[in-house]
Amino acid sequence: MAAVTADQKTQSTSGTAKAAGTEAGPAGTAPEAADAALLAAFDAAVAADDRIEPRDWMPEAYRATLVRQMAQHAHSEIIGMQPEANWITRAPSLRRKAILMAKVQDEAGHGLYLYSAAETLGTSREELLDKLHAGRQRYSSIFNYPTLTWADVGAIGWLVDGAAITNQVPLCRCSYGPYARAMVRICKEESFHQRQGYELLLALSRGTEAQHAMAQDAVDRWWWPSLMMFGPPDDASSHSAQSMAWKIKRHSNDELRRRFVDICVPQAEALGLTLPDPDIRWNEERGQHDFGAIDWTEFQQVLKGDGPCNEQRITQRRRAHEEGAWVRDAAAAYAAKHTTPSARTAQHAQPAQHVEETA
Amino acid sequence: MSAALALGDDALVLSHRLGEWAGHAPVLEEEVALANIALDLLGQARVLLSLVGDEDELAYLREERAFRNLQLVEQPNGDFAHTIARQLYFSVYQHLLYERLAAGDGRFAELAAKAVKEVAYHRDHAEQWVLRLGDGTAESHGRMQAGLEALWRFTGEMFQPIEGLDAAGTTAAADATAASATTGTAGATTTTEAAAAIGTAGADGSGSGVDWAELEGAWLAAVTATVERATLTLPTGARTGAWAAGAGRQGLHTEPFGRMLAEMQHLHRSHPGASW
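In order, the protein sequences belong to chains F and P. For the first sequence, the numbering used here begins at 1 and goes up steadily by one. For the second sequence, the numbering used here begins at 1 and goes up steadily by one.
Derived from the structure by calculation, the hints contain no laboratory data. It is possible that part of the hints are untrue.
[What the hints assert, rightly or not] Think about it this way: if two alpha-carbon atoms lie no more than 25 Å apart in a straight line, the pair counts; the simulated SDA-like pairs of lysine to any residue are:
1. F:Lys337 with P:Thr233
2. F:Lys247 with F:Ser116
3. F:Lys247 with F:Ala48
4. F:Lys337 with P:His141
5. F:Lys337 with P:Gly142
6. F:Lys337 with P:Ala146
7. F:Lys188 with F:Arg125
8. F:Lys337 with P:Thr224
The model shown is predicted, which means the values in this text are computed figures rather than measured ones.
Build out the structure end to end from the sequences listed, making use of the hints.
See below:
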């Protein structure tokens with residue numbers, strides 16, 4: 001494994017160099033000629049909209065970017081269970097309770113798909129979770145906001161899942177095959193959740209005066225954080241250009257954000273709720289809505305760890321993991337005792353040599 | 001007491017307890033599994049409660065004394081071993097009971113036939129974890145044994161006949177009367193229940209054909225087999241629960257239950273008449 005990693009490093013250097021727009025390093029040596037051929041094949045595959053698969057050669061920076069993005073995505077699913085699980089025991093009807101439980105269960109499932117997809121890049125779920133717990137990898141900043149009323153469950157479904165879908169549907173065409181395939185499955189379920197959230201808010205909006213007010217308050221609190229889910233503005237987004245060149249990303253942050261606002265404005269009207277932005281208005285010339293300025297200071301603050309629930313979310317995640325350690329140890333000890341020697345050999349023979357192959 | 005209410009409350013309350021695990025499970029696969037079981041149980045509860053009346057009125061507007069669930073299912077989650085011990089005791093019981101109901105031609109036969117498939121999975125999940133925790137590490141072994149011990153006392157209640165679900169209707173009434181003799185303060189309620197049972201048992205239960213003594217024997221055999229395979233020891237203490245065996249079915253619960261209901265019902269009760 002160590003030799004393989006070193007080999008990847010060599011490859012990655014040339015990959016990064018090419019990606020950064022410089023010429024490939026000094027020509028003439030055999031390994032570099034081979035690298036250049038691999039990189040050319042990779043670039044051609046991306047250009048042709050072919051899928052990059054786990055055993056294909058890829059630039060190390062491409063691999064690292066995907067691991068970072070997929071891990072963050074997986075972590076968001078897992079941390080994202082918390083604000084909604086907060087209302088499972090208080091759901092106001094059995095039907096809503098069943099819907100919410102199913103949704104939180106789906107999120108755990110999405111986390112599992114995404115960790116599996118990330119593992120195809122040569123990392124492990126354990127390693128990624130350790131990084132999350134150590135604060136070395138992020139999750140979506142949106143989950144650092146609290147769910148204060150039942151209507152927040154609806155607002156999360158409508159706005160947060162809505163923003164996630166807007167972001168994620170293009171990922172179904174992402175250049176990395178395992179990620180793209182995970183997203184196809186995830187997006188289907190997310191769309192379902194989003195409709196349920198919308199329907200929850202609609203029931204509140206058309207309910208009693210108190211229910212309507214609860215719905216409006218939730219939308220007022222979740223609107224701006226949802227817009228922040230698209231990330232910093234294009235001129236301040238550090239990874240965007242490279243991700244777009246690699247076809248990991250298909251649209252810019254601002255482009256997706258504008259698309260989301262255009263989707264939400266008529267939906268808010270249909271809900272009988274208002275969006276907390278007096279500057280939203282139709283721009284005939286652009287054929288899109290204009291909207292007010294986002295408070296990027298708040299965004300940076302939440303990202304830095306100083307949002308309303310950052311501490312609580314990560315503490316609960318760490319605690320679940322630590323308090324579950326003895327259970328995982330027990331399962332491992334049991335498996336070791338009850339696995340036959342031949343089965344054990346077969347398991348050890350399996351680990352994929354993921355970088356042997358060329359594109 | 002209606003049998004649908006008793007079975008429905010068991011499923012509702014245990015589902016709620018399992019729902020409390022969301023976001024706290026030891027491993028992601030268990031987040032999925034526990035939520036899955038909770039959802040199955042909630043689905044069963046909704047069908048059963050709807051046989052009695054409006055599911056939400058029954059779930060959200062009854063007070064503690066009107067709930068008919070077993071004291072076992074209302075017990076707090078504790079650690080993972082505690083939760084698994086509760087799952088083992090209940091899912092083996094529910095599986096054996098639903099198998100018998102499905103085999104009969106009573107009013108629950110169809111419902112039980114559908115639910116028994118889910119419950120077989122719940123039982124397998126619980127048994128597999130008892131094996132892993134019991135025969136895992138020294139720590140997990142100790143915790144699993146402690147979980148089995150702590151909940152053992154609540155297991156006797158499961159075999160107190162539920163009116164309408166026994167082969168001979170009058171047996172239930174006789175047992176209920178016998179139980180009332182031992183429950184002291186619960187006597188008045190129990191006598192009323194027993195009187196009601198004489199009138200209704202057999203009416204909706206003919207053909208359900210549950211032989212409770214036989215059910216208890218099958219349960220003990222199954223639980224013993226799993227516990228021993230897991231290198232654990234079957235507890236030996238009394239099995240009468242708090243108050244007496246059968247008390248949960250009479251609406252006599254343990255203290256944590258009221259707090260659970262307060263949380264569960266708060267929002268619904270805060271908006272009388274609202275729909276959600």
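We went through each hint and held it up to the structure:
1. At most 25 Å may separate the alpha-carbon atoms for a hinted pair to count; Lys337 of chain F and Thr233 of chain P meet this at roughly 20 Å.
2. Taking the CA atoms of Lys247 of chain F and Ser116 of chain F, the gap is about 21 Å. The hint holds against a cut of 25 Å.
3. About 11 Å separates the Cα atoms of Lys247 of chain F and Ala48 of chain F, which keeps this hinted pair within 25 Å; it holds.
4. Under the criterion of a C-alpha separation no larger than 25 Å, the hint pairing Lys337 of chain F with His141 of chain P is consistent with the structure, at around 14 Å.
5. At roughly 18 Å between alpha-carbon atoms, Lys337 of chain F and Gly142 of chain P fall within 25 Å of each other, so this suggested pair holds.
6. The suggested pairing of Lys337 of chain F with Ala146 of chain P holds, with an alpha-carbon distance near 22 Å, which does not exceed 25 Å.
7. Taking the CA atoms of Lys188 of chain F and Arg125 of chain F, the gap is near 24 Å; set against the 25 Å cutoff, the hint holds.
8. Distance hint between Lys337 of chain F and Thr224 of chain P is fulfilled; the C-alpha atoms sit about 22 Å from each other, no more than 25 Å.
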